Each structure stands twice: as structure tokens, then as C-alpha cells.
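Based on the provided sequences and hints, a complete structural model is requested.
As you go down the protein sequences, you meet chains A and B in turn. If you read the first sequence in the working numbering, its first letter stands for residue 1, the second for the next number, and so on. If you read the second sequence in the working numbering, its first letter stands for residue 1001, the second for the next number, and so on.
Keep in mind that the hints were calculated from the coordinates and are not lab data. The structure presented is a predicted model; accordingly, all values stated were derived computationally and were not measured. One or more hints might be untrue.
[Unchecked claim] DSBU-like mimics (lysine-lysine), calculated; alpha carbons at most 35 Å apart, straight line:
#1 LYS172(A) to LYS317(A)
#2 LYS202(A) to LYS142(A)
#3 LYS418(A) to LYS1036(B)
#4 LYS244(A) to LYS180(A)
#5 LYS261(A) to LYS204(A)
#6 LYS314(A) to LYS168(A)
#7 LYS418(A) to LYS1132(B)
#8 LYS462(A) to LYS1132(B)
#9 LYS418(A) to LYS1165(B)
#10 LYS59(A) to LYS261(A)
#11 LYS1165(B) to LYS462(A)
#12 LYS123(A) to LYS142(A)
#13 LYS1127(B) to LYS1027(B)
#14 LYS264(A) to LYS180(A)
#15 LYS264(A) to LYS49(A)
#16 LYS59(A) to LYS172(A)
#17 LYS204(A) to LYS462(A)
#18 LYS161(A) to LYS68(A)
#19 LYS1127(B) to LYS462(A)
#20 LYS314(A) to LYS59(A)
#21 LYS418(A) to LYS1127(B)
[As the list claims (entries may be wrong)] Selected chain A positions facing chain B (Cβ under 10 Å, derived; list incomplete):
#22 MET70
#23 PHE425
#24 PHE445
Even glycine gets a Cβ: it sits at the ideal position worked out from N, Cα and C.
Chain by chain, the residues run as shown.
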Amino acid sequence: MSAILEPTAKPQIDIDRSVGDFRYDVDYSYDAGVGLNEATIDYICDVKKDPAWIREFRKDAYRKFLEKPMPTHWASHDLDNIVFENIRYYLSQGTQASRTWDDVPEEMKRTFERLGIPEQERKYLAGVEAQFDSEAAYSNIKAAVGEQGVIFVGSTEGLQKHPEIFRKWFGKVIPTGDNKFSALNSAVFSGGSFIYVPPGVKVKHPLQAYFRINAQNFGQFERTLIIADEGAEVMYMEGCTAPKFETATLHSAVVELVALKGAKIQYVTVQNWSANVFNLVTKRGLAHEEAEIKWIDCNIGSRLTMKYPSVVMKGRKARGEVISIALANDGQHQDTGAKMIHAADETTSNVVSKSISIGSGQATYRGLVDIPPHHRGCRNNTECDALLINTHSRTDTYPTIITRGNRNACQHEASVSKVSAEQIFYMQQRGLNQGQAMSLAVNGFVNDLVREFPMEYSVELKRLIDLEMEGSVG
Amino acid sequence: MSLSIQNLTANIGDLPILKGITLEVPKGEVHAIMGKNGSGKSTLAKIMAGHPDYTVTGGDVLMDGRSLFEIAGPDERARAGLFLAFQYPMEIPGVTIANFIRAAIQSRLAEGEELEATDYYANLYAKMDALKIPRAFTSRSVNEGFSGGEKKRCEILQMAMLEPKYAVLDETDSGLDIDALKIVSEGVNALRSPDRGFLVITHYQRLLDYIVPDRVHVMVDGRIAMSGDKNLALELEARGYDWVTETAAEPALA
Chain A
1 MSAILEPTAK
11 PQIDIDRSVG
21 DFRYDVDYSY
31 DAGVGLNEAT
41 IDYICDVKKD
51 PAWIREFRKD
61 AYRKFLEKPM
71 PTHWASHDLD
81 NIVFENIRYY
91 LSQGTQASRT
101 WDDVPEEMKR
111 TFERLGIPEQ
121 ERKYLAGVEA
131 QFDSEAAYSN
141 IKAAVGEQGV
151 IFVGSTEGLQ
161 KHPEIFRKWF
171 GKVIPTGDNK
181 FSALNSAVFS
191 GGSFIYVPPG
201 VKVKHPLQAY
211 FRINAQNFGQ
221 FERTLIIADE
231 GAEVMYMEGC
241 TAPKFETATL
251 HSAVVELVAL
261 KGAKIQYVTV
271 QNWSANVFNL
281 VTKRGLAHEE
291 AEIKWIDCNI
301 GSRLTMKYPS
311 VVMKGRKARG
321 EVISIALAND
331 GQHQDTGAKM
341 IHAADETTSN
351 VVSKSISIGS
361 GQATYRGLVD
371 IPPHHRGCRN
381 NTECDALLIN
391 THSRTDTYPT
401 IITRGNRNAC
411 QHEASVSKVS
421 AEQIFYMQQR
431 GLNQGQAMSL
441 AVNGFVNDLV
451 REFPMEYSVE
461 LKRLIDLEME
471 GSVG
Chain B
1001 MSLSIQNLTA
1011 NIGDLPILKG
1021 ITLEVPKGEV
1031 HAIMGKNGSG
1041 KSTLAKIMAG
1051 HPDYTVTGGD
1061 VLMDGRSLFE
1071 IAGPDERARA
1081 GLFLAFQYPM
1091 EIPGVTIANF
1101 IRAAIQSRLA
1111 EGEELEATDY
1121 YANLYAKMDA
1131 LKIPRAFTSR
1141 SVNEGFSGGE
1151 KKRCEILQMA
1161 MLEPKYAVLD
1171 ETDSGLDIDA
1181 LKIVSEGVNA
1191 LRSPDRGFLV
1201 ITHYQRLLDY
1211 IVPDRVHVMV
1221 DGRIAMSGDK
1231 NLALELEARG
1241 YDWVTETAAE
1251 PALA
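Structure, rendered in C-alpha cells:
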């Protein structure tokens, strides 16, 4: 009768069944094999024809990766279940991304067509990069945008063709040794986007990247670097899927954003990983004077996600914002949050986080706000709201707010609410089935945040929530 | 064609609440159930709607000949044409009234069929005007921060939009001032039709001045103790519920 209250065992929900759960067999021309050692790194460098400084950068990172312990003293022990020796670190059919879909290898093209990427590109995007396992299969920018001097290429092409910009910022926002997984990414990174927007250029339509994992036991380590020069504006959107495999898959990206004076960067993520993916991502932005960096982050799916988008506000009046939605379904753990580092006067930051826990799903918010004593006029607002659906769910909030001195202002609000059996009954009495009722309650809960998403993504988000809730009714 | 309650008994846990209710609301009629607090009136409404907290232990409820208890979930009963106006309507934060009613109507359409937005809004606005509900209401979250009167008007609006075959109004007059009571009653009266039956549950006779019933039933301790025409409500008002208890007890003694 009241399945929402019954902690009955349910099969793990395969969220990708309708969209992403399919795969084609691909013959990879380049395969670094299973496991990680110096030879793996040399192989990747050789295939990618990396310059010497990148080879050195990777090897240094590899050493740091080995030295760093797993952060299980504060994070989930599920991390111990990642077997690094069983992972394949590099798989591709070549390092050159095609400029037209016609040149993309057949299986990859079919994959992206099924995911609707070329269609979205025609409709509303200024540029698209589509990554298949380790490398971008397709990368293109609309001619009008390219003519303004905007660069939008894969990371390999970025470091080879635009070394003067790339080298200046690469690894500067997130040091290699920031954490174990940023070190791992730095050792074996491949793919991701490199974007440069020249001074004063405002890119009207979003640039989009799509990350697709196709191979089993695979690790995807894309590396993204976005630089908005003075007064420039850009919105970048990323989507991701993987088919459901029996074994675990690892996705560990590093994303660095640099917003120079007065620039604006919006970074939108809608991830829809299947329930076997470890998603361990480091994202950080550097906001110079009067610049603005906004992370809009939506985490659906995965087995364990650990992601805390950060903004370091290093210039006066810089602004940082994180808007995040996390949905932890049965058997999943969303460990997400935000970090706001106020490193200049009159900097302002805003964090709004909403999480939904369903069944045995676990949602954790971890936040850090740091305002040192010598700054003045800094402001932070943090809001964390959690919604629990059924008695098994768990939610934790670990906000850390360090504000010293007395010339700054911080505000923190948190709430936990439940979808009650009476609410569900009320909606059912109007004709909605249990899944539709829960879906409506969840959509209502995140409604004010969904409005922040670009239209196309908010529609997609609503559809993903509907699918999740439909699947969570026994 | 009727909503026919036949010797219905029900428990919450092990505690019997309904002890054999029999009454029939023919289509086109309005019946009222009156009774003291705790007599089982609201339980009857919730059981018909399929609330999971209650267990039906005997009897049946037939909606146009079909047993409600053979229709599995509360949502299926709703789609089959049963509407319950709640005594305490629930809040649904972040979901606008317009979207909520739209989802409810959409749930009644065949798979793949989409509700036409312009038709929907035209219909919604017409019905809101009739209930004197301002347009700005559509963008407010369902029942969130509503006054008692607003909540009840919102229930009647939903009923008007969903066009049920049978509607059960549970203490719709509670928490209403006289102006709100008039508006809500006018709304209900406008929906009276030969194709629709109403079961109006109320504590006070006052509501029945505005929604004039065809029959009045008095409920005492999980049973219908007395039935009559609209004048029974007036008599009850004058003589009190104890009069019913005494009168109803007499035949049992005889």
C-alpha cells in the first residue's frame, strides 16, 4: 500500500536504461592496457606526442598520486573499493578530433546521435566537443564565434597549438598535489576542453562538451581549462553518460577556470552517470577583480560522487556562486558541496545546495567558506536544503565557515524536509500515481534552482528526475 | 447510478472506527453526513479515497456498481471519478497550482496524449473567475501559506477542473468565515448536476443553509443513527446530538 514507507529491497535502479545504457563495440587503435605505472604514462605521452614539459608534469603527478593517501579519514570508505590496477587508463581511435560529424568513426557517431548531440548543436549551441572514452571524437565551433577569436578545442590541441596561453594557466588553479585524484588526473589526463575567450567578447550561445564512457573497466580523466579574458563572457555546459557495466568505472576530471578582470564564466553540469561510476572530480575557478564565476551543478546517478566546486576570489569585488542539486537514489552516495575562498576585499559568494535522498541513497553536503581577518566587506550566503524520501534515507551536512575579523558578513541556513505519506496521498487522490507524485514533490523542491539552468537543460533535468522517481517506486 | 456504501466496517490498527455504514447517494443528489467529532465521518471519506492507514474489515462501496475496493490505489479511484475535498489540504512546496492541476488532468489522458496548454489555461481561468480566485493564484505553490479560505477554494477549484462523478467534501466549512463559506458554497452549487453526486460531511448545520441537501444522515459512533430530509439538520441544530443518541437507542431497547 504505502511503498514509500516500506524499506523493502528494491533492485538497484538502472537510471540509464532509457538514454545512455547502450554501447557499441569499438576497435581501439590505442590502448594503454590495464593498470598504471611509468610505462603507461610514457605510452600516453607517445601517443599524444606530448612536449617534454608535459611528460615531466605527468610523471611528477604520478609520484604525488602514489604518495597521497586515500582521503578515507574524512570521506567514504567506498573509495577503498577502487582497484587502480584493474583500470584501463587510455583508449582511443586517434588523437585528432573531427571537425565534421561525417568524419567521426561510425560507432562513435551513432552513439552521439542516439544521445542527441548533433541535433542540440544545430539548435542552440555555439560549439560542441564530444569525447568518447579518452579523446574527443568531434570538436567544432560555429564560424561566427571562431571569427571573434574564441578558441574551443580539446586539451591536447590546446597545449600543442596555443602553448603561450595554455602553459600560463594550466595546473595553476588546481595544483597537481591538491588531492589524490587531482594528482591521478594530472598524471594521465586526456581530453576535456580548452577554451579561451578574448577580451570583451561575449559568447552568446553556450559551448557544450559531452563526455561519454563506452568501455568497461575504464577510467576517464578529462582536463578542462577555461580562460575568459578581461570583460569576456562565456557559458560552458557539460553532460555525461555511461552504459551500465557489471564492474566499476572511474571518472576523475580536473576543471580549472580563470576569469580575468570583469569576466564572467558560467559552468553548467548535468551528469547522469550509471550506478557503477565513481565520479571524483576537482573543480575550481579563479576570479580576478570584479569577475564572476558561477558553477551550476546537477548530480544524478553514479555510485559515489565527490565534488566540491570552488571559487577563489582573488580580486576586489569578485563574485563566486555555486548552485547545486544532488539526487542520491538507492545505493548511491552524493558527497558534494562548495568552497568559497575570499582572498580580497568586498568579495561576495553564494552557495545554494539542494539534495534529495531516496531509499538507501545518501546525500552529504560539505562546504568551506573562508574569509581571513584582514579583508573587509566580504559577504557569504550559504543555504543547504535536504529532502528525504522514505525512512531509510540519510543526509549529512558539514558546513565549515571560517570568518575572522569583524568587517565581513556570513549567513548560513539549512533545512531538512520529508515527503510525507499524507502529501503523497493528497496527490494520489488527484489522480497522480505514486511515482508521479514523488516526482512532482522533488521537482517542486528543486524548482527555484532549476530556473537557473538554461531552458534546454532544465527540461532535460525534469525528465531525468521523472525517470529516477518512476524507477524508485517498487 | 449511485455511490452506494453497504454495511462498511473498518479499523485503524485493531480499533474499529466504522461499525456498519449503509447509505446511498444517487447521481444528481447531495447528501450530508453530520456528526460529532470522532464519530467516524472523516474516516469514512478517507477510506473511500483509499488512505493506507485504514483497514476495511467488511462491507463494500460501489461506485456506479463497481467496487471501490477492487480499484487498487487511491490514484486509480481518483481517475475513476471519485474526488475528496480534504479537511486539511496538504502543502506541496515549489509546485504551482497551475502545474499541479495540469499534472492531475494529464494523468487522466491516454499515454502519449498531451494536454493543450492554451485550452487548459482558458478553462482554468474561467473556473477561477467563477470561484472569485485572483489570477495571481496560479503561480503560488499548492496550499503553501494559504489562509483557511484560500485552501478550501483551491480544493473546490480542483474539483471543478477534474469534474468527478462523485465528490466527498470533508468539513469544507471548517475554518471559513461567512464570506468564504458563501463563495465555496456557490462553487459547489454551480457544480451540482444530474451527472454528479455529492457527499457533504459537516459538523454544523450552517453549511447546509447554502448547500441544501436532498438527504441528511447523522453519524454516531461509526454508524448512521438517523436519516431524513433537509429538515433533520435544523432539528439536530435545535435539539443537539444527544437527542439522536437517545432516539437511536430506543429501537434497540424495544
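Against the structure, the hints:
Proximity of LYS172(A) to LYS317(A) is assessed by CA-CA distance (about 21 Å); at most 35 Å being required, the pair is judged to hold. With a C-alpha separation of about 14 Å, the suggested pair LYS202(A) and LYS142(A) falls inside the 35 Å cut-off, and the hint holds. Note on LYS418(A) and LYS1036(B): the hinted pairing holds, with a Cα-Cα distance of about 33 Å set against a maximum of 35 Å. Taking the CA atoms of LYS244(A) and LYS180(A), the gap is near 26 Å; set against the 35 Å cutoff, the hint holds.
Taking the CA atoms of LYS261(A) and LYS204(A), the gap is near 19 Å; set against the 35 Å cutoff, the hint holds. Restraint check for LYS314(A) and LYS168(A): the C-alpha separation of about 17 Å stays at or below 35 Å, so the hint holds. Straight-line distance between C-alpha atoms of LYS418(A) and LYS1132(B) comes to about 33 Å, which keeps the hinted pair within the 35 Å bound. At roughly 33 Å between alpha-carbon atoms, LYS462(A) and LYS1132(B) fall within 35 Å of each other, so this suggested pair holds.
Using a Cα cut-off of 35 Å, the hinted pair LYS418(A) and LYS1165(B) holds, with the two alpha carbons roughly 33 Å apart. With a CA separation close to 34 Å, the supplied pair LYS59(A) and LYS261(A) stays within the 35 Å bound. About 32 Å separates the Cα atoms of LYS1165(B) and LYS462(A), which keeps this hinted pair within 35 Å; it holds. Restraint check for LYS123(A) and LYS142(A): the C-alpha separation of about 12 Å stays at or below 35 Å, so the hint holds.
Pair hint LYS1127(B) plus LYS1027(B) holds up; C-alpha atoms about 23 Å apart against a cutoff of 35 Å. Under the criterion of a C-alpha separation no larger than 35 Å, the hint pairing LYS264(A) with LYS180(A) is consistent with the structure, at around 30 Å. Distance restraint check for LYS264(A) and LYS49(A): the Cα-Cα separation of roughly 33 Å lies within the 35 Å cut-off, and the hinted pair is therefore satisfied. Restraint check for LYS59(A) and LYS172(A): satisfied, since their Cα atoms lie roughly 17 Å apart, inside the 35 Å limit.
A C-alpha spacing of about 24 Å is found between LYS204(A) and LYS462(A), which places the hinted pair at or below 35 Å, so the restraint holds. This hinted pair checks out: LYS161(A) and LYS68(A) have alpha carbons roughly 33 Å apart, not beyond 35 Å. The hinted pair formed by LYS1127(B) and LYS462(A) meets the criterion: a straight-line CA distance of about 28 Å does not exceed 35 Å. At most 35 Å may separate the alpha-carbon atoms for a hinted pair to count; LYS314(A) and LYS59(A) meet this at roughly 30 Å.
A hinted pair counts as satisfied when its Cα atoms are at most 35 Å apart, and LYS418(A) with LYS1127(B) qualifies at roughly 32 Å. For the restraint placing MET70(A) at the interface with chain B, the shortest Cβ-Cβ distance is roughly 38 Å, beyond the 10 Å limit, so the hint is violated. At a threshold of 10 Å, the smallest CB-CB gap from PHE425(A) to chain B is about 6 Å, leaving the interface hint in force. For PHE445(A), the interface hint holds, since its Cβ comes within 10 Å of a Cβ in chain B; the closest pair sits about 6 Å apart.
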